[in-house]
Structure formats: structure tokens, C-alpha cells
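A.B. asks: Listed below are the residues making up each chain.
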Amino acid sequence: MRTAYLDTLYELANKDKRVYALISDNGAIVYDKYREDLPSQYLNLGISEANMLGMAAGMASRGKIPFAYTIGAFLAYRAFEFIRNDICLQKQNVKIVGTGAGMVYSALGPTHHSTEDLGGLRALPNLTILSPASPLEVKKATTAAYGQEGPVYLRLGTNKEPEIYQEDYRFEIGKGVTLREGNDATLIGTGSILKDILDAAELLEGRGIHTRVINIHTIKPIDKEIILQAAEETGRIVTIEDHNVIGGLGSAVAEVVAESGKGVKFKRIGLGGFSQGYGTYAEVKEYNGIGIGRICKEVECLMCT
Amino acid sequence: MEIGEIAKDIRKKIYQIAHFAGGGHMGAAFSMADIISVLYFDGVLKYDAGNPEWEERDKFILSKGHASYALYAVLAKAGFFPEEELWHVGKPGSRFGGHPKMHDIPGVEASTGALGHGLSFAIGVAYADQADGRSSHVYTILGDGECQEGSIWEGALSAPTLGLDNLTVVVDHNKLQAMDDLEKIVNMKPFAEKWRAFGWNVLEIDGHHYGEIKEALLARETKKPTLVVANTIKGKGVSFMEQVPIWHYRMPNSQELPVLMEELGLTEADLEKREVQD
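Protein chains in written order, with the numbering used here: chain A, 21 to 325; chain B, -13 to 264.
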């Protein structure tokens, strides 16, 4: 995802001199090509996220398009008020790019995990939140973020995510994507965990359960239509996210369903607290109850009730 | 009008705004009234009140946003909007609140109020202008209490690193904060030396001396941002407010009001109830 993002940013910055890569001393080697070829559109502001975002807002007020990048946790938590007041309140055209979504930095522990970023940021007015699921989607989301005037938070994983799309498709901010058809239950996910969800859907298929899989790549504004259609047609919804169950995708989907008056069987899968333990990303997901086995189990549970 | 007269008029307007609004951060506004008057009315800041978005303008960012009444008074006097609007600050339908909001108010370059934001924003503006090869200058006023915010020191490190000689930061150094003397709450001494050590072109002035203010606002040093430590008196202009912490946010009572009116040169007519014009 990181490479896909940087390649896209490189292309955009080459075409448009208003585009700036701002970083907070994170992404050493990966920025090599960019800083070599586009030194005047590159700024490493050091380990000072608040200053980076305040400055990005100031630059945007003068017509620049800064993409401010570092680990999402440091942006969303440390610099929250700068995102709120300097970027969102003033509607500045800043792209806030948080890498290391969820527990991707599995062995680094909870200080480096972006597991409450969506919950915090979702309430902010004027902010569009994108959470792409694969390298191809990162390219499209980055381009869409550039094309949309105003504040955008782009939630990226790291660099090992597999591609989940077999072919090209139309990416539109605010429009979810149905990755798999099915009418027994709907699995709704966001970010790179979609790959696990698709694997779980395949396993469930083998057990005779036909699940629909929806990718919500835009957390805000959320695609109500695709959610309500799934509610109506499948009657069961399970949300899966590498994020706390409070405030993120599951909450957003629950809000849509609850306000529609359509009663469905509903389960949120996500973290119940801070992430626990260390290991590979897959191991940490499993340990924290958001692995493939858990997804299958929860769907089967809903099928029995 | 001579600059001293202008500053006096700005102080009158600051009180009038507070009077009609029913409250406000007057001490902080009076403290920087002379600085902002020189900035706007003594040939320092380049602006066009009729065209607030003029591309070649200088920018002023009020980082200590709670001193908004000083900014509003100055912008009205400069002609950015009709003075009558000042008499409805904080009221339903008004575009003016206790803290300034950009886009809503012509001439306001940043929405401030939460402390520790304006410096980084100003650095971004200065950096963008420098990248575009503009000759325009960026000014910001910080409170000295505001300098207790960690983000100020992130900006303090950043601006000299970026060599922003198109940036001038004035610290309104009145040595008081909301509850007490600055030094009793957080020891910030030696204040000017800290900025000097961070790589700024540091000047120390009397923040109520018009000549010193103007000279400092026009001072430049190649490849270095300028930091002006303006020694000021909080509540300056009203004897009973001067250097008394409670006047950070308070309105005068019936005994105090006549003294204030006398000292600021306000008449009964200046404080008569005004109807909102639609």
C-alpha cells in the first residue's frame, strides 16, 4: 500500500507543482526517488506532527496541496486538535495520510497501532475518510483524495497487502464495492482486512453459507444505500475491522441500519480494548479476535439464531 | 490621525465591543493594542481592505485568538467591514464570535482560539509564499502564556530550519496569564534567550513604544525568522486593569466603569444601546 501511495503521489506531484509531500521523519527509504526528483515539493519536518499539520493548513491556505504523512496513530491522537481546528474547521485542502492502519505494525505494540483513529476522526465535520483495501485501491483513493477539494484522511496499511481486485473497477468516494455476491449474510469490512474477509467467505461457502462481501473504502461519507440493500436482502450483517468496535466501521454501519428501521441480526467484530500481544500481523489479528476463524464463527452463530 | 490617537481609538473600540457583547478578553486585547495599531496603521502591513484576498498582501495571524476584539477593532477601522458590525459580536446572526474565524470575517487569515496553533499555520503560509517567490511578509502575535504550549516550540525549531526570513513573530510579553504571574506558574526565563538559541533573530522592545514597535516589525535578517519580545502591560490603558490577572476576562462594575470611561475617553453616547440593523 505504501509503495502504491508513493508511486501515485510521485505522479501527482510531477504533474502538479502545488502537491507537496510533508513527512514527519517516517518513511526513510521509500521516499528516496521522490526527494531526489522533486526536492522542492518535499519537506521532512521532523518529529513534530502538530507543527506539520498546522503548517500544512497554512500552506493549503496559500493554494498548496500538502499530503502530510506519518503513522496514523501519531496524526490522529497527537495532532487531533490540529486536524480539527486548522484543517477541518478552516476547510483546508490538506490530505492527512496515516500509515500503519490498525495493528499492521503488529510487533511494535499499541503505541504504534491506529485502532481508534476512525472513532476519533469520524466525528470531525468536513473530513472525508478513505480506507482502501489493496494497492490498486490505494492508487485510486490517493488520486480521488487529490481530486477532491477539502480535508481528507487516508488510512493506509503497510507494504505487504495482497491485491484483492482481479480487474480494474470504478472508484468513487462514498460508494462501497460489492466484492462477492451472496444472500445468507453480509460481511462488511474496510482496509486490508478485506482479504481475510474474502477468505472467510470462501470457507463459509464450503460450509453452505453464501455471504455477500462489501468493501467500505469510504468511512465518511458512508454508502447508506449499499448497506441498506444488504440489510434488506440478507437480513444479517457482520462488520469486521482492524479498529476498536467503538466508533469505527461497525458503529457507522450500525447507525445507518438503526436509523433505517430495518431490523437485522447484527454483529461487530473488532477490538474490545487495546491490542494485546506481539507477533506477525496475522498472529496478532488472530490473538485479538479478529482473525478468519472468528469471522467464520460469528457468521455461523448468526445463522443459528 | 497620529498613531497614538489611532491606538487610543482602538482601545475605545475594544471596550465598546466588550460592552455590547457583555464580556470578553479585554486585558489581552489592550495589551497588544499598540502593536496591532502600528502593524495596520503605520505603514507596516501591506493590505487592501477592499480586496482582502489580494495575492500580494502581507498576512497577519492572531495566534492568541482570545484577543480577537483588538483584531476586530483594527479591521473595522481599516475598512474591511462596517464598524456597526462590532456592536453585535457574539450575538445571534453575527459573524463575529469570541475568537476569530477565517472565511466568515474579511481580513481574518486563520481561525484561532485554541492556543499554540497560529505559529505553525503562519509558518505554512510563509513557506508557501517563499516557495512562490512572493515578497509578502507574514506576521503573527503570540501570547507569552501561549508559549507554554509544546507546539509553539515545534514551530520555534521549524521556522529557523526552513530559513523563513519572511516571518515575524511578536510575543505579547505581559508576564501574566489567566490565573497568575507567568513565572509563578511556569518558569519561562530566560525567555528571549530561548528563542535566540533556537536560531531566531530576536529583538526586545517596549511593546507600547510606537517607534520601537515599528522598527522591530520592519526588521529583517537574511535566512532567519524574526522574533520580537514585546514587553507589555496587560490591560494597558485602564489603570485598575493593568497587570491585574482577574482582568483576563471580566467586566467593570458600576464603580469601575466611570474610571474606565474617563481613561479611555469614552462618552455615555459611545455606550448607548444599539439596535441590530438588518
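It is worth saying that the hints were derived from the structure and are not from the lab.
Treat the hints with care, as some may be off.
Derived contacts from chain B toward chain A, CB cut-off under 10 Å, selection only [as the list claims (entries may be wrong)]:
(1) Ala114
(2) Pro146
(3) Thr147
(4) Leu257
Glycine included, every Cβ here is placed at the ideal spot set by N, Cα and C.
A.B. asks: Honestly, which of those hints from before does the structure not fit?
C.D. replies: 2, 4
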